[in-house]
Amino acid sequence: MTDQMIAPAAPGSLDSGDVAGYLKTKFPDAVKDDTRQGYSGVVIDRNRLVEVAESIKNELGYNYLSSATAVDYLGIEDSMEMVYHAYRTSGGGPLVFKAQTPRENAEIPSLIDVWPGADFQEREAYDLYGIHFPGHPNQKRILMWEGFEGHPMRKDWKEAYYEQELKPFDSRWPKGYARRAEELNMFGKNVKYPSDLNLSRLTDHSESSLYSGMGLGVDVEPVPDSEGLQTDKLVVNLGPHHPSTHGVFRMVVTLNGETIDQLEPVMGYLHRNHEKIGERNAWNHNMPFTDRLDYISSMSNNLGYAQAVEKLMALGARYTPPTYRAEVIRVLMVELTRIVNHLWAIGFLLNDLGAFFTPSLYGIAEREKVLDFFEAVSGSRMMCNYMRFGGVFKDLPERIRSTANLVNDQVRDFDTMKYLTELINDSLPRAIDEYDRFLTDSEIIKARTQGVGYLPAEMAIAYSAAGPLLRGSGVAYDVRRAEPYSIYPELDFDVAVRYNGDIYDRYLIRLDEMRESVRILKQILPRLEATKGESIFSGNKAIYMPRVPIGESYGRVENPKGELGYYTVSQGDPKGPQNPWRYHVRAPSFINLTALGPMCKGQKVADVVAILGSIDIVLGETDR
Amino acid sequence: MYGLGILKGLGVTIRHFFESYIEDIRYAGSKLTPTQKFEKRQGTDAVGIYTVQYPEEKIAVPERFRFVPFLVVEDDDHPDRPGHDWCTSCGICAKVCPPQCIWIVRSEDPVSKRPVPEPEAFFIDIDICMNCGFCAEFCPFDAIKMDHDYELADYDRTGTHIYDKEKLSKPFSFWRKIAPTTAWEEAVDRKSWEHTDVVKAKQKTGAPISVPGGLNDPYQPPIVPKKEEPVAAAPSAAGEAVAEAVPAAAAAPSEEDLAKEERRKKREAALARKAAEKAASEGN
Amino acid sequence: MSSLDLRQLHDTEFPIPDEMNGNVAITSLSKIYNWSRRSSIWPMLFGLACCAIEMIATAAARYDTSRFGMEVMRASPRQSDLMIVSGTVTKKMVVPIVRLYNQMPEPKYVIAMGACASGGGPFKEGYNVVSGIDQYIPVDVYIPGCPPTPQALLHGLISLQKKIDGQSLANMDDVPWYGVGPSDPVPVPILGPDIIDPRQMELIRQQAAAAANGQAYGIRELPAAAMDVAAKKVAKAGAAGAVAAATATAVVDEATLAARLERRMEALSRKRALASKN
Chain C
1 MTDQMIAPAA
11 PGSLDSGDVA
21 GYLKTKFPDA
31 VKDDTRQGYS
41 GVVIDRNRLV
51 EVAESIKNEL
61 GYNYLSSATA
71 VDYLGIEDSM
81 EMVYHAYRTS
91 GGGPLVFKAQ
101 TPRENAEIPS
111 LIDVWPGADF
121 QEREAYDLYG
131 IHFPGHPNQK
141 RILMWEGFEG
151 HPMRKDWKEA
161 YYEQELKPFD
171 SRWPKGYARR
181 AEELNMFGKN
191 VKYPSDLNLS
201 RLTDHSESSL
211 YSGMGLGVDV
221 EPVPDSEGLQ
231 TDKLVVNLGP
241 HHPSTHGVFR
251 MVVTLNGETI
261 DQLEPVMGYL
271 HRNHEKIGER
281 NAWNHNMPFT
291 DRLDYISSMS
301 NNLGYAQAVE
311 KLMALGARYT
321 PPTYRAEVIR
331 VLMVELTRIV
341 NHLWAIGFLL
351 NDLGAFFTPS
361 LYGIAEREKV
371 LDFFEAVSGS
381 RMMCNYMRFG
391 GVFKDLPERI
401 RSTANLVNDQ
411 VRDFDTMKYL
421 TELINDSLPR
431 AIDEYDRFLT
441 DSEIIKARTQ
451 GVGYLPAEMA
461 IAYSAAGPLL
471 RGSGVAYDVR
481 RAEPYSIYPE
491 LDFDVAVRYN
501 GDIYDRYLIR
511 LDEMRESVRI
521 LKQILPRLEA
531 TKGESIFSGN
541 KAIYMPRVPI
551 GESYGRVENP
561 KGELGYYTVS
571 QGDPKGPQNP
581 WRYHVRAPSF
591 INLTALGPMC
601 KGQKVADVVA
611 ILGSIDIVLG
621 ETDR
Chain B
1 MYGLGILKGL
11 GVTIRHFFES
21 YIEDIRYAGS
31 KLTPTQKFEK
41 RQGTDAVGIY
51 TVQYPEEKIA
61 VPERFRFVPF
71 LVVEDDDHPD
81 RPGHDWCTSC
91 GICAKVCPPQ
101 CIWIVRSEDP
111 VSKRPVPEPE
121 AFFIDIDICM
131 NCGFCAEFCP
141 FDAIKMDHDY
151 ELADYDRTGT
161 HIYDKEKLSK
171 PFSFWRKIAP
181 TTAWEEAVDR
191 KSWEHTDVVK
201 AKQKTGAPIS
211 VPGGLNDPYQ
221 PPIVPKKEEP
231 VAAAPSAAGE
241 AVAEAVPAAA
251 AAPSEEDLAK
261 EERRKKREAA
271 LARKAAEKAA
281 SEGN
Chain U
1 MSSLDLRQLH
11 DTEFPIPDEM
21 NGNVAITSLS
31 KIYNWSRRSS
41 IWPMLFGLAC
51 CAIEMIATAA
61 ARYDTSRFGM
71 EVMRASPRQS
81 DLMIVSGTVT
91 KKMVVPIVRL
101 YNQMPEPKYV
111 IAMGACASGG
121 GPFKEGYNVV
131 SGIDQYIPVD
141 VYIPGCPPTP
151 QALLHGLISL
161 QKKIDGQSLA
171 NMDDVPWYGV
181 GPSDPVPVPI
191 LGPDIIDPRQ
201 MELIRQQAAA
211 AANGQAYGIR
221 ELPAAAMDVA
231 AKKVAKAGAA
241 GAVAAATATA
251 VVDEATLAAR
261 LERRMEALSR
271 KRALASKN
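Chains as they are written, first to last, in the working numbering: chain C, 1 to 624; chain B, 1 to 284; chain U, 1 to 278.
Isolated chain C, as found in the complex (with noise of 0.2 Å):
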């Protein structure tokens, strides 16, 4: 562990068990241990917290707020709390503080001050649970509308096609008889139309606060320049439907001629309810719904719900860690991913800056590749669900071989270890290398990206920026180094960082990231080979409900887009529940793009795609 090199004297070289002795002498009325089993950390007295937090960033070094969310205890504690996961940017574990207020004009002050990262993660603990963070500037819903009825994460709010608190339903077996939700309930019967509500003159008012927001009354205002001419400042609407948005993503920015004076993100385009869903699902339920997160790396998102809930397990008393064979398929799966996130990802920055869709023909065609080796493996191209808590769904199979169903079927048949060791020998490195040669040097590309979209090392780790966006600005944080998961320990790679912070550098670390894969890769196929034969599942897999013991845990792992958590809490059946009582996602799509609006301010409007493009988003994450 990292800590353990620096000597113990200052309190900012404390662990994190010494961490919360020194917050409690120094605020032995505001801070007290969490002791509910299975919890960690420190609670924190509300009216204290920004106190508090001051001192664990500055005194503690606890510059990196990882994740920022709210959790509704009704029915337990008839109390909401935020959860809080710091970090040091030197690496090591987490320092987890939480902060309680009551259900009833929930209020926690805000820490955006403290952590300019906090800024989203607190707009959608307002937006889904209602609390209110006073001291925060922008304080309005993030992912639903404005003029939405309720927060729909509380537990007690139900939605429209509401049918039973968790799942299984009993609806389903064994008086099954099939009906859509729909049909069955035609407005929602948990709609909750306002009182005052008048169907005959309804209006939209989901855009307004957006632009009120903005200082603007109207589209257009004049503004005297430096030279006392009047100018416009205008808005403008990029996406949600423009093709360089990486989705249904949204920006609305303020525009001083060419040069953006603001920028709004407007997300929530995609706000599938991924966690109201995966509160009412049951913990193996959620798995096939991690890969629809980031779409593009659905075996990364696996990993990291598996060692979510894995942690959670292991609180308990029967519980074996992932066989040795299992971590190895896991990082060969979760490499791949990145090589594949990465391809992706440098093709459509290209598309942003222009070149339209050949760049991103050679990432795809590379990405096919490891996409018929996960098919054969997992079952589906993308959609993988592979992992499992204890190991992974079933072991490479020996050929990748198909039969003819359809007409015109075309069976091939390759085999599996032969085809894994030309692609991570062969086939990636030659399409990385090709990559390199033509873009790195292109002096379109280099025009177009040196120096764009700054982002300085500071105001990345103040944003809680993660990944290539973080890595870029030379802060050398990588989860699989910084907290060390898996059999990462073990193999040899390095932490690849850049140090200019702009666009140009974030394209050359998912380079760098790619060629440390392949390393990463060409070290896994010997223990392959080593391991075959081997179980691939530790514990009993035929368990179709587990049960996870009561607690909390936060597995965080390094995704291609950067770091993504799991904040899932076990609680209520004293037998261990079936269903997760919270389960929150730390998406690094979402929290990259808290350093959007900054990194574009003084732009020109044609960089805000490439900015964007250079952050790398994925709506499903962002808007989960």
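No lab work stands behind these hints: they were computed from the structure. Beta carbons: idealized from backbone N, C-alpha and C, even for Gly. Heads up, a few of these hints could be off.
[As the list claims (entries may be wrong)] Below are the BS3-like pairs computed for lysine-lysine, each with C-alpha atoms no more than 30 Å apart in a straight line:
| hint | chain 1 | residue 1 | chain 2 | residue 2 |
| --- | --- | --- | --- | --- |
| 1 | B | K167 | C | K394 |
| 2 | B | K167 | U | K163 |
| 3 | B | K177 | C | K532 |
| 4 | C | K446 | B | K8 |
| 5 | C | K175 | C | K155 |
| 6 | C | K32 | C | K155 |
| 7 | C | K418 | B | K177 |
| 8 | B | K170 | C | K394 |
| 9 | B | K191 | C | K394 |
| 10 | C | K418 | B | K31 |
| 11 | C | K532 | B | K191 |
| 12 | C | K140 | C | K601 |
| 13 | B | K200 | C | K394 |
| 14 | B | K40 | C | K418 |
| 15 | C | K522 | B | K37 |
| 16 | B | K165 | U | K163 |
| 17 | B | K170 | U | K162 |
| 18 | B | K40 | B | K177 |
| 19 | B | K113 | C | K175 |
| 20 | B | K40 | C | K522 |
| 21 | C | K311 | C | K522 |
| 22 | C | K155 | C | K98 |
| 23 | B | K37 | C | K418 |
| 24 | B | K165 | C | K394 |
| 25 | C | K532 | B | K40 |
| 26 | B | K165 | C | K175 |
| 27 | C | K140 | C | K155 |
| 28 | B | K167 | C | K175 |
| 29 | B | K200 | B | K170 |
| 30 | U | K163 | B | K170 |
| 31 | B | K202 | B | K165 |
[What the hints assert, rightly or not] Derived DEER-like restraints, expressed as beta-carbon distance ranges:
| hint | chain 1 | residue 1 | chain 2 | residue 2 | range |
| --- | --- | --- | --- | --- | --- |
| 32 | C | G451 | B | V12 | 23 to 29 Å |
| 33 | B | L10 | U | I32 | 33 to 39 Å |
| 34 | C | L74 | B | P82 | 50 to 56 Å |
| 35 | B | Q53 | C | A317 | 55 to 61 Å |
| 36 | C | L361 | B | I25 | 21 to 27 Å |
| 37 | U | Q79 | B | F17 | 27 to 33 Å |
[Said to hold, decoys possible] Chain U regions said to be covered by chain C (calculated; three or more residues, Cβ under 8 Å):
| hint | region |
| --- | --- |
| 38 | 47-54 |
| 39 | 59-67 |
| 40 | 145-153 |
Chain C is fixed; fit chains B and U onto it per the hints.
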């Protein structure tokens, strides 16, 4: 220098254009079948254009591929229970289905009102199904499997997209055809090609059970190495193969053993087939 | 014929005599017309969710939609013929989708790609998810799958081509864009307290009035409807239709019992016959 980059780029494009023809020329002399050429073009060492001409040639999906589920029923020519459901309506698939798109109506005995291991009705709403494969993975009877037919595009969904039992049911031989290896592995786990219930019933009466790879195995073993010689190559040495007992199929044999094992299994299968034919002719 | 003003023929209201319906000239014209339309369907460059990635993969080199004349993905709805709704449609997103659809020129087609766009998919139960884009705009082809593979999407596109091939210039229902005047735009949904479809306003009013009177609001109590599917099935099997009236508690009546018993006996006898044969 400006302009050079454009030329370089065009050069790359034209190289890709010609590379596919070079591929064609390279393989023109060789005796590869169209299938083998397809495999080359769709493999890791493909260069040049590699487009799949979809309706004329389709990439066959791998065995583990999962699309909409289907229900396994016995073959129509099954000796004991033709067309009988493998599903026992235990409801595990409905419980483990993440979006809850499976509806099962359990049968009841008309007289005693006790549940009968056979679904009265079975529905899957394919507009909800997320093709995750949990139902197939956790089914204790191997009765629900993921289909490989993805060509389901439709002009209407209201009447057709809730699949009922009739539409879902496909014979066991179909599953064996689309996924021979997986079906084999499952049969090895069940220790029979038959449904678990049938095996139990047979064990009670002492009737012979068709063990995969064993004496009564009516089917070919699936792990056939690539580019195999025709099946007829198996020598018809009679006696000792019959004397051999059922192998411990679950054990993982080493690679040389595997080839030997396969030859032996094939021989056994051929013998069994022959015996069956003989028996059939005698019966008539 | 001389008395006929030939200009009348251009009038779409011109009555075609029965014996002239399916006329050779029209059919071959239809063929050419449909061939040219189906060979240059320009989809809108418009991805929603996971399925969009498969749509991009389909457009890329391996599956290559340009073989069907579909590679020209237009970013503007004004230039596109086909909207591939590729992914989950959320309530927030359905408003722009309807607007985009209204902006597309006729003839326009819609493909609902994947389970989500067809009927809500796995996210259907969510509070922000629309259960199928066809609740708002008409859909021509549904492609099941989550996500449909590129080949499945291609199959869907070919199905759309077949649909276009089947349309005839002689039939006004097939080519309504030659009707009188522009077609009505789809009313844009309103994002109020929840999403509200203006077309259903009257229904909502009725429901609200019912709620004011203390009746059940917004729910259709559906034990009968729930039984509907089962009943249809039984009717298909040839059993008595009386089962349809079965209540939620599902008291199985005599007819079903008899039918079931009969089935079982039949299976048993078949089994016995087979056994004796062996």
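30 Å limit on alpha-carbon distance, applied to hinted pair K155/C and K98/C: OK: K155/C and K98/C at ~19 Å, within 30 Å.
Restraint check for K165/B with K163/U, where alpha carbons must lie at most 30 Å apart: holds, 29 Å
Distance restraint between K113/B and K175/C, which requires alpha-carbon spacing of 30 Å or less: Judged against 30 Å, a Cα distance of about 14 Å means the pair holds.
Given pair status - K394/C, K167/B, alpha carbons within 30 Å: holds, 29 Å
Holds or violated: K167/B to K175/C, with C-alpha atoms at most 30 Å apart: holds, 19 Å
Agreement of K311/C and K522/C with the hint, judged by alpha carbon distance not exceeding 30 Å: holds, 29 Å
K40/B paired with K418/C [C-alpha distance capped at 30 Å]: holds, 14 Å
30 Å Cα cutoff - pair K522/C, K37/B: Cα-Cα ~29 Å, so holds.
L74/C paired with P82/B, Cβ distance criterion 50 to 56 Å: For P82/B against L74/C, whose Cβ atoms are near 55 Å apart, the range 50 to 56 Å holds.
Pairwise hint evaluation, K163/U against K167/B, where the allowed Cα distance is 30 Å at most: holds, 24 Å
30 Å Cα cutoff - pair K418/C, K177/B: Distance of about 25 Å is within 30 Å: holds.
Per-stretch coverage check for the region 47-54 of chain U, three Cβ contacts closer than 8 Å to chain C: holds (count 7)
Going down the numbered hints, you'll see the structure goes against none, and every one checks out.
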